[in-house]
Amino acid sequence: MRTPRILLLLITIVLFSSCTTEPMPDPSYDFDLQGHRGARGLLPENTIPSFLLAADVGVNTIEFDVVVTADRRVLVSHEPWFHHHITTRPDGRAVTPEEAMDLNIYRMTCDEVQQYDVGIRGHVNFPDQQPMAAVKPLMADAIQAIEAHVDERGLNPVLYNIETKSLPEWYGVMVPEPEDFARLLYDELAGLGVLDRVFIQSFDVNTLIAMRAIDP
Numbered sequence: 002m003r004t005p006r007i008l009l010l011l012i013t014i015v016l017f018s019s020c021t022t023e024p025m026p027d028p029s030y031d032f033d034l035q036g037h038r039g040a041r042g043l044l045p046e047n048t049i050p051s052f053l054l055a056a057d058v059g060v061n062t063i064e065f066d067v068v069v070t071a072d073r074r075v076l077v078s079h080e081p082w083f084h085h086h087i088t089t090r091p092d093g094r095a096v097t098p099e100e101a102m103d104l105n106i107y108r109m110t111c112d113e114v115q116q117y118d119v120g121i122r123g124h125v126n127f128p129d130q131q132p133m134a135a136v137k138p139l140m141a142d143a144i145q146a147i148e149a150h151v152d153e154r155g156l157n158p159v160l161y162n163i164e165t166k167s168l169p170e171w172y173g174v175m176v177p178e179p180e181d182f183a184r185l186l187y188d189e190l191a192g193l194g195v196l197d198r199v200f201i202q203s204f205d206v207n208t209l210i211a212m213r214a215i216d217p
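The opening position of the sequence shown corresponds to residue 2 in the working numbering, with each subsequent residue numbered one higher.
A couple of the hints might just be wrong.
[Claimed, not checked] DEER-style ranges, computed between Cβ atoms:
id : residue 1 : residue 2 : range
1  : Met133    : Ile210    : 37 to 45 angstroms
2  : Arg90     : Asp216    : 36 to 44 angstroms
3  : Glu113    : Glu178    : 32 to 40 angstroms
Since the hints were made in silico from the structure, they are not lab data.
What you are looking at is a predicted structure, and each value in this text was computed from that prediction instead of being measured.
Just so it is clear, CB atoms sit at the ideal spot from N, CA and C, and this is done for glycine as well.
Please work from the sequences and hints to get the whole structure.
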């Protein structure tokens, strides 16, 4: 009974030996290196210094999140409130987990928001992050700073991956209605002249539908 098995093995070896493997062509990839919230591992997230450092290290795309203030300004922030990991109150006290979501950016003006520091404490999850005084910037200020920095240093223009921080249960409480949010964001990006280098993403598909309705 062993002979057929040996014969089968020999046939298999011969068949595989006779096959020639054509080398696969090397695919050409355009890899999109993104700076998530800027250079979050090195400088405070979603701040202008972090965005400029991301541009300096050579990212193709700068990713950040936006919310809306009470005075209808588009602001860079990962949440529509102040996260307790990074925020210091104007009086110098650290924001606690219990009070974080009560600091609702949609109920605060831009001037009020920027009285809170979001960088001096560093970040517990990023030991290499350099603590520094920082505020949540207006989107317009951030993009203008990035564009000027890139131009001054002769860097390649960057793309922008912008997430609308919105959920249906937040409408009218922590964020505007989707159509209002989309219009504010679109008009500001159009005024900045960067629409051709922007991607909009969101966990709230309604803001994406509203954006598509403005600019199919």
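Taking the numbered hints from earlier one at a time, note which ones the structure violates and give those numbers from smallest to largest. Hint check: 3 fails alone, others pass.
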